[in-house]
Structures are given as C-alpha cells and as structure tokens.
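Visitor: In case you want the letters, here they are:
2 protein chains.
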Amino acid sequence: MDIKVSSQKDIDSLVINTIRFLSLDQVEKAKSGHPGMPLGASHVIYLIYDRFLKFNPKNPNWIDRDRFILSAGHASAMLYSTLYMFGYDITIEDLKQFRQLGSRTPGHPESWLTPGVEATTGPLGQGITNAVGMALAERYLASVFNKEGFPVIDHYTYALCSDGDLMEGISYEAAAFAGHQKLNKLTVIWDNNHISIDGDTKLAWSEDVLGRFEALGWEVFNVEDGYNLELVEETLRKAKQSDKPSFISVRTHIGYGSPLQDTAKVHGAPMGKEKAIETKRRAGWSTEEFFVPEEALNYSRRHIELGEEREREWSELFERYKREFPELASELERAFSKDWSTDWYKELPDFTEDMATRKASGKVLNILAKHIPTMIGGSADLSESNNTILKDYPELEANQPAGRNIHYGVREHSMGAIMNGMAYHGGVLPYGGTFLIFSDYMRPPIRLAAMSKLQVIYVFTHDSIGLGEDGPTHQPVEQLPSLRLIPNLCVIRPCDANEVKVAWKVAVSRKEGPTAIVLTRQSVPVLDRSMYPSEENLEKGAYVLKDTGDKPEVVLLASGSEVHVALKSAELLKENGIASRVVSFPSDFLFELQDDEYKVSVIPTEIKRIVAIEASKGNLWYKYVGRDGLIISMESFGKSAPGGALFEHFGFTAEAVVKKIKEKWF
Amino acid sequence: MDIKVSSQKDIDSLVINTIRFLSLDQVEKAKSGHPGMPLGASHVIYLIYDRFLKFNPKNPNWIDRDRFILSAGHASAMLYSTLYMFGYDITIEDLKQFRQLGSRTPGHPESWLTPGVEATTGPLGQGITNAVGMALAERYLASVFNKEGFPVIDHYTYALCSDGDLMEGISYEAAAFAGHQKLNKLTVIWDNNHISIDGDTKLAWSEDVLGRFEALGWEVFNVEDGYNLELVEETLRKAKQSDKPSFISVRTHIGYGSPLQDTAKVHGAPMGKEKAIETKRRAGWSTEEFFVPEEALNYSRRHIELGEEREREWSELFERYKREFPELASELERAFSKDWSTDWYKELPDFTEDMATRKASGKVLNILAKHIPTMIGGSADLSESNNTILKDYPELEANQPAGRNIHYGVREHSMGAIMNGMAYHGGVLPYGGTFLIFSDYMRPPIRLAAMSKLQVIYVFTHDSIGLGEDGPTHQPVEQLPSLRLIPNLCVIRPCDANEVKVAWKVAVSRKEGPTAIVLTRQSVPVLDRSMYPSEENLEKGAYVLKDTGDKPEVVLLASGSEVHVALKSAELLKENGIASRVVSFPSDFLFELQDDEYKVSVIPTEIKRIVAIEASKGNLWYKYVGRDGLIISMESFGKSAPGGALFEHFGFTAEAVVKKIKEKWF
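First to last, the sequence lines map onto chains A and B. For this note's numbering, count along the first sequence from 1 and bump the result up by 467. For this note's numbering, count along the second sequence from 1 and bump the result up by 467.
The reader is advised that the hints may include incorrect statements.
No copy is singled out in the list; a pair is fine if it fits within one copy or between any two copies.
[To be verified] As a list, the in silico DMTMM-like pairs of lysine to aspartate or glutamate whose alpha-carbon atoms are at most 25 Å apart: (1) K732 x D859; (2) K1127 x E1059; (3) K1075 x E1064; (4) K1129 x D1062; (5) K471 x E691; (6) K649 x E681; (7) K1131 x D1095.
By construction, these hints were calculated from the structure, which means they are not laboratory data.
Please take these sequences and the hints and turn them into a complete structure.
Guide: The structure is reproduced here in structure tokens:
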C-alpha cells in the first residue's frame, strides 16, 4: 500500500481508514460483531477525538476531561480502535481479542473494564441519557466550584448515537430534560444511516427527527453531505457555541464502501473474509489484517503529549485554585474520590415517634445533604410523596445551575440513566425517588448501575399494598423481589425510622454499586431500642429483634412494615404458649455478605419452623424458610382499599399469621 | 338549587357539573383520590360521550363500539361518574364505594372490574399507548373483514391524557408509531392544565408539545379557550376528519372553580369538606352529596336507547354480512370470542433436527399463522433474530393495513402496551418479540397484561449467557426469574424444538393472561421422544425426562438449554455409580397448577439431594431444592465471549455439575 500524507486531508483519511479497518478486522477475527457503523461513522468519532475532545489518554480519569459516549454501543469495535489510535492503554493484541473471554474489548463497551470507555452502553437509549447526566453534573460542579479565573470544571460532553437510540422512549425523555435544562455543553451526533436491524428505518419510523429535537429546545444541525469532513467539523464547532444542547444529524451510510453498504446485513454480523478484503481493496487499503500505518499512529498519538500537556496546565490551575480556595479544592477532591462525609451520622436524631419510613428518610436525607455538598437528586414528579426534597436548597434549574433539587418530570427511565451519567461523571452523589412500583419503568438503568458499579441511591416509597387506595396498578407485589434479583444491587427495606438511618449509612458508604432504599407510605411504629437490639444491626442484613422464650420453636422473618406484624404475632404465639424469635430482615444482599456462623446464629439450623412475612411475592424466602417453611406473602395483585383494610384482607395481621402457624405446626 | 334547562348550553352545563361534583364527592367520601382533573376536564369527557362516542351502555362489549381510554387513570372518579350518567351498569352506591374494598370503583380504572372501562390505566403513558393498539387492531380488522357496503368494523378511538402521560417516554414511542402508521381514527386529547404533582409543569417541561406531535406526523389542534364547548366540539369534529392521528391540546385548569384551582394541591388529594362545599357554591351547585339532577340524568341516559338503537342497526348489518360472507362472519365471531383454531397442532412436524429453540418457534408460528388469520405481531426491530416473521404475509403498514408483520421499531415499551391495546380491543391475537434482556424495557405493560388478564404472547429470545459475544449488557441473568415473579404471567422456557410446539399450544389456549416463551439463540439438541416421554408433558410445567436407575439418589431439575447439561450430568453420574433423575422444568407457573400428588411424583419427598441447573439467578429454585439443595446458576452478570466458552466458564457443563454434586454429597 502506497501511503502519501501531503495534506491534512490525507492524514485524516489515513487515520479514519485505520479506525475503520481495525474495526472490520476485529469483527472478522471474532466472527461476531457490528461492522456497519464503524465503516460508516469512523470519521465522526475521529473528528471528535482529534479536533474537539480534551483528554489525556494516559489518565482517563482526569476529572476535567471532555466526555465522549458511544451510545450506539454495538459499534464498540470502532471505539476500541479509536482508543488504541489515540494512545489509551489498549493494544493491538486487545483488539485481536475482541469479544473473547477475559479480554478488555467486549461486545459492548464496559466502563469498568476498558480505559477510556466512559459508559457501559449497548441497551439503546441509555448512552445518550448518560450523556445528559454527565452534562448536568458538569454544569452543577462548575457552578459550585468555579471561581473567576479558575474554571476548574469546564468540559464538554459528546454522544454518538444511532437510529435505535432515538426510537427508544428514554432518549425522548432525556432530550426533553436536556432541552428544558438548557445543557448547552452537550452535543449529540446522530449517525443517520437510515438502516436498523430489520432493514430501512422507514419500516417503522417516519418522523421529522430534527423537528422533534427542535420542539424539545435543542439547536439542530443537518449535515446531508455527511462525509464532507470540513462540514462535519464546522458543524461540531457551531454546536459548541450554542446556548442550547445541540443535535447534529450526519447523513452516513452503513457499511460505507463495502459490498453490503446501505443494507441491514452489514449492521450486526461479520461480512466474511472475501467481502472484507473487497472493502479494503475498494478503499485502496492494505489487505493485511490489523494493519496500522506508522504515519497514522504517529499523527493520532501526538495526543499523548497534547493530553499530558493539557492536564498539566489544568493541574497548575488547580494548584493555584487550591491555594486561593483551599476548602473548595479539598471538597472537590473529596467528592471525586467519593470521600463522603460521615460526620452527619452523629447528628441524626434517635427517632422516637411513629412515622412512615419515607418520612424518616426525608429527615435523614436533609441532614445528610448539609454534610455532602455535592449530593444532588430529586424525584420523577413525586418529590413530596418520596420525601426527597432538600428543604434548605433551591431547585436545580437552567437559571439556577447550583441548585440541588432536580425535577426529573414524569420520566423514571431517564431519571435512572441520568443518575448513572452523573455517577460516571463523578464528583456528585446522585439519588432519585419514585414509587416502588415505577422501579419497573427504570429497570434497564438500575441494572446498568449495578453492572457498572455506580454509586446511585434509589428512594423507592409506597412499598406495598400498605399504600392503600391507589390500587393494584400502584401496589408493588413483585417489584421488591425482582430488584433483589439484580446482581450487585443492595436492596434495603427498613422496618422503622431508626433502621432508615442505617439504610442511608449503608447507601452512602457503599461506593461500588447502587442501593435501593424501600420505604412505606404509611406510618409504622418506631421500635424502642432500649428494649430491642440496636438498629445498627441493619448493616448485617438481618438480626434477631426478639426471642419470646429461651428455646424458640418458631422463627419469624420479616422486613419493613411486616416486622411489626411479626412482633405482634410473637406476642400472640406466646399467649398460646409458643416461644418464637423475630428477625428483622431488611436486606438479603447484606445478610449474604455475613459469614455462616452469623447466619446460623440468626436462623438456627435446629429450628425447623421458619416463617417469612412480607407483603410481596414470597418466592425468594424459600431460601431461608426451606421447603417446609411458611411464607405469608402476596401471591396475587393487590386491590384498591385503605391500606389497613388490605393488610387485614390479605392476611397480614398477627391473628391471621398465628392461625396459619398453628394450622401448619401446632 | 334552581335548575333551568332552556338551551343545549344549559343541559350541557348541568350534566358536566353533575359529573364534576359526583367525582368530587367520591374523592371526599373516600378521603382519597384525585379531584383536580375531574373538576377541570369533565366537559371534555362529556362532549366525547355525548356527541362523539358510538356505544351501547347496556352492552359494553359490542365489538363495533368506539373506544374511550382515560389514560390519566388517576381521574378515575370522573370516568365512573361519566359511566354512571351515561347508563352503564354503575350505581350511585358504586360511586359511594369509591376506593373501598370490593367495590367496582377502584382507585385507578380496572378493565376487568368495571363495565365500560376499556383499559386498566394509572401508570402513566400506558393508556395512550393502549389506544394506539386499539386503533391499529380496528384498522387491521376493518381492512380484513369489511366489504363494500358492509363496514362491520368501523369505529374510532379516543384517549384523554395528562401532562404526565406525555412526559413518559412510552408515549413518545407510541406517538411515533401511530404517526408512522397514519392511524387517522385515533384522537388523543391532552388535558393541558400546566400542573403536575410537583407543581407547575414548567419545573421540568418546557418543550413545544404540539410541535413535537407535528414532527411525529400527527395533525395537531390547539384549543386555548379550553372551556369554550363549541370550540372543543368543533375541534373534535375536525380531528375525526383528519387523515392522520389527531392530537388536541385543550387548555384547562386543574381544580377548576375550586379555591385550589391551578395548584398542585388539588391534583391528588381531597380538598376537605369546606373547600368542596365552597367549590359547589361558586358553581351554584347543590351542596347535597352525590346530588344528581333528574334533568341531567334524563338527558345523558337517552344514550341507553340511542346505544341500543345503534347496536341494533349494526346487528342488522352484521346479519346481512353473515348471509353474504358467511365464512368471514364466522371468522370474525370466532376471533372476538378468542376461539382460536387448534387444527394447526396436528400440522406441526415432529422436529428431529437440532436447532435453536427460537428457530423452532419461528417454524411453529408460521404454521399457526395460517390457521389463526387474526394473529398479528412482530418485533422491536429484531424480527429475524426473534424468528417472528410470518413469511407468507406482508408487512402491516399504513398503505398495507391488512398486512400481518408489524415493525414496532426499537420500541419495546410501547410494543408491550400496543399489544395490550390490541388485546383489549379484541378480535386479534397479538404477539411480539425482543431479546429476553429487553423485557426489562417493557415490564410495566407486561404487568398490566397479567393484571388485566389479556391474552398476549411474548417471544423472548437470546435467553442466557448462551447468546455469547454480545456480553453482559445483553445477557439476561435476572430477567427469567423476574418475569416468573409477575402474578398471572405464564413463563415457559422449552428445552428443545418439540417442547416449543407445546409452549405455543399453551400460549394460544391460555386466554386469561399473557404467556412469555423464552428461547435460546444457540442451537440445542432435539430429544428423541421415542426414548424420552412426550413433549406434551410440558403442559404440566415439569416432568420426568429420565431416571438412570430404579432408585435415583439425586434429582436434577433444569429448564431450556440446561436440560441437556442435566442429561449429560446424569450420564456422568451413572458412570460414577450414582443413579439420578432428570426433570425438564420449563414452567413453574404450569407446575404450580398441578396437584400435590403429581408434584411429588416428579420431585419425590424422600429424595433429599435436589439440584437445579439454570443459567439465570437461582433464588427461585430454593422452593424446589430446599435449603440443603444445590443450585447451579448465574449469580453474577455474564461476560462477552462465545456462548460455549461461557457455559464452560460459568460451570454449566456436565463435568462441573457432577463435580459440585460429588463435593456436596458423595
């Protein structure tokens, strides 16, 4: 192959083709993957990295870097090729291991695995929404920490997305939110290639996408001549100047230059050796696999030096900032290292009054917020119900960017992914509330938070039929156990106001994954801890609350509001001459972290009569009660009626529990 | 109260106020509910029922009725008042029982409970999307069954929605789909009251909603003077003429006429007796509770006669149609009574070739489709992967409305709710496919299908780490057990091509709820049924596949692709001198419907060593294996690698299974 690089155009073309064909080779070697977008859109990612992105490939964690998110995660090969070319810690060997066990180049980008990957993407619509969260975190931190002459937080967020990203409802929610918030440092580029997996996007999609984004308050740009590099670059530059979030349509062709160009066939499967070679030949490219022209690498890797230089400049700025504003600087550093304060804990009251656990949560949150200045959050239009309002702080709005109360709107799904974006960005501790039932609307981002080890806190209130009249559409039945099934999601359902304190303590301490705090709508008794073991035991997931005799014959396990049913049941059993043990069991996640000795001390092997009481689907409790155990649970949907009437109707009373126990065993 | 009804205006006003104050009284009596929208939007629902809707209150199941869906289900009191006024089987006593245990007037509308309620709504965005599904079903059936002079299916669909409905991403997806499909007989009215639960919608929402709908291909109308009845009526009339779906913004005021007008306080809580009386006084209304002027009732209940007349006319038309087109007529009748054919079953091949269960599903589906002419469906942009294409039938498109292959686009959430809408409508049997992992995007409508007893069939392929290289973002781990937790959802995970046949048989026979068929991406062996019990046993949920000795010491339970791991494990155990039993366990839902005798015959109480093998989160299996059982499952997220390598890596091989069994018990 004859390489000439006499102009910028030549070198651009050389690096772009290197990215394209490295991606093609990855897919071909793995015999698996998506060649279409890399062939068609590599010039866009190239331009962003080469001309726009502020980054230091040798320190992908530099806090003031620009962020780039490949929302169309299926084009992962393109991202890995780009990261390799631009000097990140990715080798050709890594590229050759694309989609293989143990590699750093998995099928879809995984944030925890690959240097330079800002977000785990693939499930469509998530990445673009993460980008909104990142831009929001940037603006918040900039507003709080920057001082005149000290723009210590000052960066841009770019997302490259596909047709599919834009069809998913979550991306509409995110775009509406971003438009409302006027997140002007966000640029989304649409790889407008007219092809989705099923074929031409016209099969299912005929909207005016740009018109829609315009209606959402974005500045929109249409680059019809999508391979005109000057035009794309100029448009990206204009977008950067906008006072709104920017949306750029770049008309591309999937599988550009290949025999399968403009067909769905090239979207998600290797094209085969023959066609791959043909594609390279058409481009005048070497047919050598994983071929990297030295000139290309030399050019793109100058970003190593550039990046180090840029970070150095920033570090010098930050050193001066530190001297001028030592407290702010230290606060910022602590925030990015997730060094959240623990001072607040001693400030929490000992709750003595009966109250809904959601209410206790609101009180705790408000104390916490004073000590963790970058904890920001809100609710999907249920802030009062969820008790998520930080009373002493303003709303976070476009004209009030240092506010701390976020109104997500009725948009649970994007709330979840925006929180993920904020956690990816770092420096803030995001929390968000909705009714537990609507956790169903946001399962995809919850799962991605758990997978990507993001510290995000969910406040899920109205946790059972106890919420009452709103009825079965609003009463969670399967949501609590369904959340417990998500790996690395810590689910906690405290039984009273004091356990709520410890739940928050766990959530704030737990930095390697999300925590869901599940709370009642209705008031529940507060346990007098002079008579019961300390609420601190919540950290162990489950603990003995009470034995009503030396040799309990029955163990009652319960969580949340049902702990009080269990306590009453134990009293009633005692009146019937049956000694029992009551275990408060707020979190199987935390309990499973304990050693066997502790577990057996809570649920002794020798006691065979074990009962679980929880107003949710009961299946998960078999693990603890065994096949011969008794589970008092919700096996159907709920009903519309006052909460108390429903507890009675569905058998969550001491009388009903004891009756069942006696029928079964005594 | 002095009642004058000298003009149409007077009577309109009288009925509207009756609806408003009956709703207010319901909420006040229940001390729970949402008075704001009924006070502000009753004139809209009144106009629709009085001037537009074709209905027979005495037969809410008349198939050619117009459909009205209250997407803003929280305004249920308004719907109940309306149904009462217009002659449905709802009494004042029912209204007085609003939100009480056992009543027919629950907190949010429940389709199975209340005559005239077309869809279960409340979770926002669902109702408007159901309406899209209804309009789609109507157009499909009209296209297939209507003949010149015989418009036997010819009706309109109306949905009344709130700000919250429009903020939810699902409603964007549905609107994009409806615009693309040009569903011109659909009219959505937006109760544009500027207030959501958190306060002014401006807190979170500043988009140009009409501009957005226009971009989506809708005809949009803006009624600023929202209480001008003539104007609202005229606009509804124009909307009916449009060749696009219509979206009408009606500017209203939440809590109209009350002391709390235009505040969030009146959205979701009773205003208290004093304010309620004050509101009535301001309107010159009687303060008597549940007051219904005779003149109002007489007027609105003339629809009883009108409706009967209309249905009679239709019945006469249908009788003539029957004579002219007896086969079509009978087909239509059977379709609406869900009398799906069973003829197809004997046409299914005995599969003898190894294949992915998704592939077998595609083959079965294509045979089925010939026998069930109103079975229509598709996929969320994965039709080839999901094997959901009906090969002999065209696409269902705006210009091809009798097509049967629906391209939902990358819109799983709305796909779920559109299917629900079609099932509510009746006459069609909807199915829809996506990857199992993306069932997470559509949990809210799956739940509502289960709750509302809708026959909907989900085809969930790529069911485990077996899908391979796409990696953890695409590999279901918790999805299978999470779906199993939804009450009244029948989940089936067949082990081979022949079990797939029976899974479809169950799904088509099961009319009182949805069925999810969970299928592999990768090829699996087909069991030679001359050596194993019949696949028909799948109907029992679990059955003995093989005993490797007279007295099995170990029972191996498995589903789907892991059944083959279990069979190999049993062979290996036998070589080790250990007799075992292999149980194919495709559906705990179906198994739990069996009697104890059968259950014990499959998993004998006397065998204590029980093993479950399933490449999903394992917690649900404790029910069957007990606390001392062995569960071989996925307790973490997956990895990106070829499927075979992952099965080995995560221990789903006979060698690994036997090793664990021996370590534990032998």
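Visitor: Need the list of violated hint numbers for this structure, in ascending order.
Guide: Going through the list in order, the structure violates hint 5 alone and respects the others.
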